[in-house]
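Novice: All chains should be modelled from the sequences, with the hints used to inform the complete structure.
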Amino acid sequence: MLKRVVIKGFRSCHDVVLDDLGPLTVLVGRNAAGKSNILQAIFWLTSNATSPTRALFWADAFAVRNVVGEDTYDYCFEMKVDLDPGPSAAEPDITETLCCQQGDRTRKELFTRQRGDVTLADGTTARIDSSVPSMPVLVSVLPPRSEAVRLLRPLLQDLGAVQYYPLESDVGFVDPRDDGATIVTQSAYDHWLTQRHFTHAPSSGAPMRLLDMNLTRRDEFTEAQQLLGPNGLGLVDIQVEEVPVDAKSPEGQKRFYYLGFTPISGSPPNPDAALSFHELSSGTRRVVGIITSLIYDHSAVMLLEHPEESVHEGLLWKLIDILQGYSDQSQVIIASHSAAVFNAVPPEAIRLVTMEEGETKVRPLSRQELGAAATYLKEEGTLADFLEMVAED
Amino acid sequence: MYGILAEGKSDAGTLKVLVRKLAGDDRLPVRTKGYGGSGELLNKGAKDLGTFKTLGVTRFIVCQDADGPDPAPKRNLVTQRIVGLSGLGEECCIVIPVQELEAWILADIECASKIITSWHPEPIESPESIVNPKERLENLSRDSKRKQRYFHRTDNERIAAHLDLKKVAKKCPAFQVLVAFVKNAAAKRRQ
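Sequence lines, in order, name chains A and B.
Going by my numbering, the letters in the first sequence line up with residues 5 to 397, in that order.
Going by my numbering, the letters in the second sequence line up with residues 130 to 320, in that order.
Mixed in with the good hints there might be a few duds.
What the hints assert, rightly or not - Here are the simulated DSS-like cross-link-like pairs (lysine-lysine), alpha carbons at most 27 Å apart as the crow flies:
no. : chain 1 : residue 1 : chain 2 : residue 2
1   : B       : LYS263    : B       : LYS295
2   : B       : LYS162    : B       : LYS182
3   : B       : LYS150    : B       : LYS300
4   : A       : LYS7      : B       : LYS263
5   : B       : LYS263    : B       : LYS162
6   : B       : LYS312    : B       : LYS299
7   : A       : LYS382    : B       : LYS173
8   : A       : LYS7      : B       : LYS274
9   : A       : LYS12     : A       : LYS112
10  : B       : LYS263    : A       : LYS382
11  : B       : LYS182    : B       : LYS150
12  : B       : LYS150    : B       : LYS299
13  : B       : LYS299    : B       : LYS243
14  : A       : LYS84     : A       : LYS7
15  : B       : LYS299    : B       : LYS317
16  : B       : LYS182    : A       : LYS382
17  : B       : LYS276    : B       : LYS295
18  : B       : LYS150    : B       : LYS274
19  : B       : LYS276    : A       : LYS7
20  : B       : LYS296    : A       : LYS382
21  : B       : LYS263    : B       : LYS317
22  : B       : LYS176    : B       : LYS162
23  : B       : LYS317    : B       : LYS150
24  : A       : LYS382    : B       : LYS176
What the hints assert, rightly or not - Label pairs and their in silico Cβ distance ranges:
no. : chain 1 : residue 1 : chain 2 : residue 2 : range
25  : B       : PRO202    : A       : GLN243    : 43 to 53 Å
26  : B       : LYS276    : A       : GLU113    : 49 to 59 Å
27  : A       : PRO350    : B       : ALA201    : 51 to 61 Å
28  : A       : SER286    : B       : LYS176    : 43 to 53 Å
29  : A       : ASP19     : B       : LYS276    : 31 to 41 Å
30  : B       : ARG275    : A       : SER150    : 28 to 38 Å
31  : B       : GLU254    : A       : ARG221    : 51 to 61 Å
32  : A       : THR128    : B       : PRO252    : 53 to 63 Å
33  : B       : PRO202    : A       : PRO350    : 18 to 28 Å
34  : A       : SER144    : B       : ASP293    : 22 to 32 Å
35  : B       : PRO252    : A       : MET359    : 50 to 60 Å
36  : B       : PRO202    : A       : ALA125    : 55 to 65 Å
In short, the hints are calculated from the structure, not lab data.
Just so it is clear, the structure is predicted and the values come from calculations on it, not from any experiment.
All residues carry an ideal CB built from backbone N, CA and C; glycine is no exception.
Specialist: Now the structure itself:
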């Protein structure tokens, strides 16, 4: 779980610090204050720091404190680029350090890096390409049973499982190859599986995730069905099944899957009224997408933009409750403008985001404001009303 | 017609189910208003009771969690800031669940398995003695992988439909206020 994030030199985030992060955080601020920049910075910087195939150039500095089980990791990255023409301009001045504190033990440095030179805690040195991050390289070249790899691997896994779900939800929740049909061919599914592994991103849609869960992770499929179905959010009844095909027919060697979504209307579900994912309303698609991603993606951190988009307030209220319930497994950081979202979370989860002279600033409610919020909530009004009074711009 | 004010939408929806169940009429007309917390309820409740009256409501219920073992302070607050200002009298019932409304769910927690089929909780004898019933329900519902199965905003209403109300009234004296109010109203209607 991310406890602290420092971002310097990423778009409008000149010096942004998010501290004391809990399982659920809500970024509150007007349009163009930089909420999306913060989410994108966290996503890009964590994925770049953990992927051996990505370059490291994204910000002037980035630091995270991440807790995995009982171990606390502090990862810092700094980069200075010499803009003067000359031989040194080609190689950026990169500094990386990683420290770890195991339980109550003393904090120790796992490695440091200056440009391409990495020094491990035991004094071993290695030279790596100046454009790639150290952590994935060290894990791939060091002995698998070494102390360094044992400590690095869980952090890599955790930071590598930070996922970003933007408002342009087609990227996150809708598969562009889904043409609106309720039938999916095996080849489309195979193609999606290949892409999913290749892209290492949640860029494919909810229907394929549901199909994959149905075929390979039945418990999780049932979990999604229950959360979205009549005894959960009461939104849709989902049926996924293989379509029987005459083996002697020309199509007999192929496999087809049926994915039907029946909106729940109070009367018993009618399978004949099933719709394809695309035929659902945008709000229903959004909630189905969020719940499906929550269960399927196993994200260490969900960076979620505006879950309120097209979603009814009453449903949103319940959705936030579910996200909170899962937040000890998938930490959630939300950017939102919705009073319903603010009113569904505790004041401690709020981070106020403002734009001051072209720079994004972030802060939690002060101790005094938290005290005032507690009294206000008890006696006067809602957290959304309170935040309106606290906002400084 | 009943009108229910509660500090959250989930509480309002749950009370609607309980009132209908107590009245033995699942089509009983009930209007509800759930707020974004107790502060909003206290501030807007009196005016909204008036609106309910204009809309034809004749029986009013205002519910606020005690957030502790003693319902008296919250009862006084609701009396002063909502019911007193509204000008309503006997037709208004103040319900203050000891701790939180979820204590009533804890009173017959076994029936939760009718909604969350993979969860089979053990009975709880003194639900009103549990300091944070909502959190207790969330923790009790966690499966072997520590996944939470109970979500109060989604599940309370549905679980309420299956509650054994006699059991709830026996274990939660605060619930008896609601029982008496609805039963009295039903008796008067029959007369």
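Novice: Does each hint hold? Answer for all of them.
Specialist: Results for each hint:
Proposed proximity of LYS263(B) and LYS295(B) is supported: the alpha carbons are some 21 Å apart, at most 27 Å. Proposed proximity of LYS162(B) and LYS182(B) is supported: the alpha carbons are some 13 Å apart, at most 27 Å. Using a Cα cut-off of 27 Å, the hinted pair LYS150(B) and LYS300(B) holds, with the two alpha carbons roughly 18 Å apart. Between LYS7(A) and LYS263(B) the CA atoms are separated by roughly 26 Å; this keeps the pair inside 27 Å, and the hint holds.
Pair hint LYS263(B) plus LYS162(B) holds up; C-alpha atoms about 21 Å apart against a cutoff of 27 Å. For the given pair, LYS312(B) sits about 16 Å from LYS299(B) by alpha-carbon distance, which is consistent with the 27 Å threshold. For the suggested pair LYS382(A) and LYS173(B), the alpha carbons sit about 13 Å apart, so the restraint of at most 27 Å is met. Between LYS7(A) and LYS274(B) the CA atoms are separated by roughly 23 Å; this keeps the pair inside 27 Å, and the hint holds.
For the hint pairing LYS12(A) with LYS112(A), the CA-to-CA distance comes to about 25 Å; that is within 27 Å, so the pair holds. Taking the CA atoms of LYS263(B) and LYS382(A), the gap is about 18 Å. The hint holds against a cut of 27 Å. A C-alpha spacing of about 23 Å is found between LYS182(B) and LYS150(B), which places the hinted pair at or below 27 Å, so the restraint holds. Proximity of LYS150(B) to LYS299(B) is assessed by CA-CA distance (about 16 Å); at most 27 Å being required, the pair is judged to hold.
Restraint check for LYS299(B) and LYS243(B): the C-alpha separation of about 21 Å stays at or below 27 Å, so the hint holds. Of the supplied pair hints, the one linking LYS84(A) and LYS7(A) holds, its CA atoms being roughly 26 Å apart against a limit of 27 Å. The hinted pair formed by LYS299(B) and LYS317(B) meets the criterion: a straight-line CA distance of about 24 Å does not exceed 27 Å. Distance restraint check for LYS182(B) and LYS382(A): the Cα-Cα separation of roughly 26 Å lies within the 27 Å cut-off, and the hinted pair is therefore satisfied.
Restraint check for LYS276(B) and LYS295(B): not satisfied, since their Cα atoms lie roughly 31 Å apart, outside the 27 Å limit. Between the alpha carbons of LYS150(B) and LYS274(B) the distance comes to roughly 35 Å, so the proposed pair goes past 27 Å and is violated. Distance hint between LYS276(B) and LYS7(A) is fulfilled; the C-alpha atoms sit about 21 Å from each other, no more than 27 Å. Of the pairs offered as hints, the one joining LYS296(B) and LYS382(A) is violated, with about 31 Å between alpha carbons and a cut-off of 27 Å exceeded.
Distance restraint check for LYS263(B) and LYS317(B): the Cα-Cα separation of roughly 35 Å exceeds the 27 Å cut-off, and the hinted pair is therefore not satisfied. Pair hint LYS176(B) plus LYS162(B) holds up; C-alpha atoms about 12 Å apart against a cutoff of 27 Å. Distance hint between LYS317(B) and LYS150(B) is fulfilled; the C-alpha atoms sit about 17 Å from each other, no more than 27 Å. Taking the CA atoms of LYS382(A) and LYS176(B), the gap is near 18 Å; set against the 27 Å cutoff, the hint holds.
Against the hinted window of 43 to 53 Å, the Cβ-Cβ separation of PRO202(B) and GLN243(A) comes to about 52 Å, which satisfies the hint. The hinted range of 49 to 59 Å is not satisfied by LYS276(B) and GLU113(A), whose Cβ atoms lie roughly 36 Å apart. Range check, PRO350(A) to ALA201(B): about 26 Å between beta-carbon atoms, so the 51 to 61 Å window is missed. Between SER286(A) and LYS176(B) the beta carbon distance is about 35 Å. The supplied range of 43 to 53 Å is therefore violated.
In this structure the supplied range 31 to 41 Å holds for ASP19(A) paired with LYS276(B), their Cβ-Cβ distance being about 38 Å. With their beta carbons about 30 Å apart, ARG275(B) and SER150(A) fall inside the hinted range of 28 to 38 Å. Range check, GLU254(B) to ARG221(A): Cβ separation about 39 Å, and the 51 to 61 Å hint is violated. Between THR128(A) and PRO252(B), the C-beta spacing of about 60 Å keeps the proposed range 53 to 63 Å intact.
About 22 Å separates the C-beta atoms of PRO202(B) and PRO350(A), a value consistent with the hinted range of 18 to 28 Å. Take SER144(A) and ASP293(B): their Cβ atoms lie about 60 Å apart, and the range 22 to 32 Å is violated. At about 55 Å, the beta-carbon gap between PRO252(B) and MET359(A) stays in the expected band of 50 to 60 Å. In this structure, PRO202(B) and ALA125(A) meet the distance hint of 55 to 65 Å, their C-beta atoms being roughly 57 Å apart.
The structure does not agree with the numbered hints 17, 18, 20, 21, 26, 27, 28, 31 and 34 stated previously, though it agrees with the rest.
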